[in-house]
Amino acid sequence: MRHVGRRGLVILAIAGAGVWAAWYLGLGPAELWPNKNRLGNFVEFFSAAFSPAVESQGGSGQNIALQALRGTWLTVLFALAGMSLALVVGVVLGFFASSAWWTGDPASRSWRRLRRVIGPLIFGTARLVIALLRSVHEIIWATLFLAAFGLSNANAVFALALPYGGTLAKIFSEMIDEAPRSAGHALRGAGAGGAQVFFLGLLPGALPDMASYAFYRFECALRASAVLGFFGVETLGHFIKQSFKVHYYGEVWTYLYALFALVIVADLWSGALRHRTVAA
Amino acid sequence: MSHAFELKQAAVSYNGTAAVHGIDLTIATDEAVAVVGPSGAGKTTLLRLLNGTVRSTGGHIAVLGRSLREMPPRELRGVRARIGFIHQDLSLVPNLRVIQNVLSGRVGDQGFFGSLRHVFFPPRDAVHEVHRILERVGIPEKLYERTDTLSGGQRQRVAIARALYQEPEALLADEPVSSVDPARARDTVALLTDVCRERGLALCMSLHNLDLAREFFPRLIGMRSGQIRFDQPTAKLTDGDFEALYNLERDEMLKA
Numbered sequence: 009m010r011h012v013g014r015r016g017l018v019i020l021a022i023a024g025a026g027v028w029a030a031w032y033l034g035l036g037p038a039e040l041w042p043n044k045n046r047l048g049n050f051v052e053f054f055s056a057a058f059s060p061a062v063e064s065q066g067g068s069g070q071n072i073a074l075q076a077l078r079g080t081w082l083t084v085l086f087a088l089a090g091m092s093l094a095l096v097v098g099v100v101l102g103f104f105a106s107s108a109w110w111t112g113d114p115a116s117r118s119w120r121r122l123r124r125v126i127g128p129l130i131f132g133t134a135r136l137v138i139a140l141l142r143s144v145h146e147i148i149w150a151t152l153f154l155a156a157f158g159l160s161n162a163n164a165v166f167a168l169a170l171p172y173g174g175t176l177a178k179i180f181s182e183m184i185d186e187a188p189r190s191a192g193h194a195l196r197g198a199g200a201g202g203a204q205v206f207f208l209g210l211l212p213g214a215l216p217d218m219a220s221y222a223f224y225r226f227e228c229a230l231r232a233s234a235v236l237g238f239f240g241v242e243t244l245g246h247f248i249k250q251s252f253k254v255h256y257y258g259e260v261w262t263y264l265y266a267l268f269a270l271v272i273v274a275d276l277w278s279g280a281l282r283h284r285t286v287a288a
Numbered sequence: 002m003s004h005a006f007e008l009k010q011a012a013v014s015y016n017g018t019a020a021v022h023g024i025d026l027t028i029a030t031d032e033a034v035a036v037v038g039p040s041g042a043g044k045t046t047l048l049r050l051l052n053g054t055v056r057s058t059g060g061h062i063a064v065l066g067r068s069l070r071e072m073p074p075r076e077l078r079g080v081r082a083r084i085g086f087i088h089q090d091l092s093l094v095p096n097l098r099v100i101q102n103v104l105s106g107r108v109g110d111q112g113f114f115g116s117l118r119h120v121f122f123p124p125r126d127a128v129h130e131v132h133r134i135l136e137r138v139g140i141p142e143k144l145y146e147r148t149d150t151l152s153g154g155q156r157q158r159v160a161i162a163r164a165l166y167q168e169p170e171a172l173l174a175d176e177p178v179s180s181v182d183p184a185r186a187r188d189t190v191a192l193l194t195d196v197c198r199e200r201g202l203a204l205c206m207s208l209h210n211l212d213l214a215r216e217f218f219p220r221l222i223g224m225r226s227g228q229i230r231f232d233q234p235t236a237k238l239t240d241g242d243f244e245a246l247y248n249l250e251r252d253e254m255l256k257a
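Chains E and R, in that order, are what the protein sequence lines are. Plus 8 on top of the position in the first sequence (first one is 1) and you've got my numbering. Plus 1 on top of the position in the second sequence (first one is 1) and you've got my numbering.
I should point out that these hints are in silico values taken from the structure, not numbers from a laboratory. Don't take every hint at face value.
The calculated label-pair distances, taken between Cβ atoms and stated as ranges, are [what the hints assert, rightly or not]:
#1 R/153 to E/74: 54 to 60 Å
#2 E/58 to R/153: 55 to 61 Å
#3 R/201 to E/122: 38 to 44 Å
#4 E/96 to R/9: 51 to 57 Å
#5 R/150 to E/273: 29 to 35 Å
#6 E/133 to R/31: 49 to 55 Å
#7 E/63 to R/147: 50 to 56 Å
#8 R/147 to E/273: 27 to 33 Å
#9 R/147 to E/14: 58 to 64 Å
#10 R/216 to E/277: 52 to 58 Å
#11 E/182 to R/16: 26 to 32 Å
#12 E/182 to R/147: 21 to 27 Å
Chain E side only, calculated, beta carbon under 7 Å to chain R, not exhaustive [claimed, not checked]:
#13 96
#14 194
#15 199
#16 202
Which chain E residues stay away from chain R? Per the calculated CB distances, all over 12 Å, these [claimed, not checked]:
#17 28
#18 58
#19 64
#20 71
#21 84
#22 88
#23 100
#24 107
#25 153
#26 217
#27 255
Glycine is no exception: its CB is placed at the ideal position from the N, C-alpha and C atoms.
Just chain E, with the same shape it has in the complex (with noise of 0.2 Å):
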């Protein structure tokens, strides 16, 4: 009953805390439904959406079907790209930041006191940079390049990589740490060493969550590198941006289609290879 009780108080509390922001931000329904001066737009915007454009509204001739083509193709390039560099700094990080690595079975005396400062030395160390890592948004690290070096293509990636390493090597420690330790502890008991267990007996039981993982990840990277574009890089938020700017809402719904399909798609590529991976 107690229990019960408790659990009844934080769900006010969150609610109330949702009430009291809401308040605080003069959130009202009235927001939503656009004013007078903007309803036009409103109803220029979406009616376009039945109406996307093939070719380009301000009569240069541009195919912008062809040119949507292009912003995808581009847009998958970057998030392939970003999640590759990714992938290596957040296997190599979330390898030092799991704990399976330095704790386990003693072996010597001298190595396992030598262990026990090195090893969470380094164990911190992962874990600072990987929060550093994650805690800025790949928007801000975008902005934060274009301001130090201009947006390159090699920046843009960079945008991308680092954030996405720190979530990655987070998720992939703790994966690394949560994989079953028994077959660990059987080759340790045929004379395996500490790497040898680790990437015998551990590494591959926490593998396939780890791949599934990471190709939820490459969805995300599809949606940010699309918004890169923002920042200059010809992925499909480039485009939008272009064609938003001089109201071609035509064009721009060409561009959101665009984003959609290859979304679905890629939703669909690694919900199968996720079921392939997990549960054959």
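With chain E fixed as given, assemble chain R onto it according to the hints.
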């Protein structure tokens, strides 16, 4: 060298509490011994003491003719590599193929990169050898199956195959049949005792099932409260000895 294991007054304590103590025990290189006794008697600790995954905190222990006390870790790895251990929970990697789990048995003899290559890109003769061992334990057709698609009894055979692929001089088995049905349990104990006899390996197995212990092992060790209560040829043991071993009323109840 005629003893696989030789313990004199061996003891293990965890945080000051004795798990086993005063253990005097010798097992010959071709002997098969079963350890019986109630849960918590120290059977698992004794077995892990024998392959050096638990270090003794007192007494003397020699494995395959070499004293384990103060042995440096590199040499200890070498000794462990000579002893197969079959765990209660089998301890296989579920999403690896059967052959990969078996191939990983030989890690103790290999360097880091050598062992990775051996498991994931095995040479042809290693594949043949694994196949021969799987044939012996009765599941040759499962060579390339994913381990988690196998039944409990088949997985147990994979664990046995891994221990055999290690080319051990002695096998230790900790309650290897506690998770399978009685018919499978009998088959497995028979397989282990047969294989050890064929290959001249010492075998030391802990068993809950007294009937199997008495049927398959010529020598039984009874453990209770971390001590050896009897160590006798099976033929000389009476029902009374077993009752005394498992009877809870005598000392445990008084202590509580």
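Hints, verified against the model:
1. R/153 to E/74: 54 to 60 Å: Since residue 153 of chain R and residue 74 of chain E have Cβ atoms about 59 Å apart, the given range 54 to 60 Å holds.
2. E/58 to R/153: 55 to 61 Å: The hint (55 to 61 Å, Cβ to Cβ) holds, given that residue 58 of chain E and residue 153 of chain R are roughly 60 Å apart.
3. R/201 to E/122: 38 to 44 Å: Distance hint for residue 201 of chain R, residue 122 of chain E holds at roughly 41 Å.
4. E/96 to R/9: 51 to 57 Å: holds (54 Å)
5. R/150 to E/273: 29 to 35 Å: Once the Cβ atoms are compared, 31 Å apart, the range 29 to 35 Å for residue 273 of chain E and residue 150 of chain R holds.
6. E/133 to R/31: 49 to 55 Å: For residue 31 of chain R against residue 133 of chain E, whose Cβ atoms are near 53 Å apart, the range 49 to 55 Å holds.
7. E/63 to R/147: 50 to 56 Å: holds (53 Å)
8. R/147 to E/273: 27 to 33 Å: Check passed, 29 Å falls within 27 to 33 Å.
9. R/147 to E/14: 58 to 64 Å: violated (45 Å)
10. R/216 to E/277: 52 to 58 Å: holds (57 Å)
11. E/182 to R/16: 26 to 32 Å: With Cβ atoms ~29 Å apart, the hint holds.
12. E/182 to R/147: 21 to 27 Å: With Cβ atoms ~24 Å apart, the hint holds.
13. 96: Where the cut-off is 7 Å and the nearest Cβ of chain R is about 19 Å from residue 96 of chain E, the hint is violated.
14. 194: Constraint on residue 194 of chain E satisfied, holds at 4 Å.
15. 199: holds (2 Å)
16. 202: Since chain R brings no Cβ nearer than about 9 Å to residue 202 of chain E, farther than 7 Å, the hint is violated.
17. 28: holds (48 Å)
18. 58: It holds; residue 58 of chain E is separated from chain R by about 48 Å at its closest Cβ, greater than 12 Å.
19. 64: holds (52 Å)
20. 71: holds (47 Å)
21. 84: Holds, because the least Cβ-Cβ distance between residue 84 of chain E and chain R comes to about 29 Å, which exceeds 12 Å.
22. 88: Fine: 26 Å to the nearest Cβ keeps residue 88 of chain E off the interface.
23. 100: Given that every Cβ of chain R is farther than 12 Å from that of residue 100 of chain E, nearest at about 17 Å, it holds.
24. 107: holds (20 Å)
25. 153: holds (38 Å)
26. 217: violated (10 Å)
27. 255: holds (54 Å)
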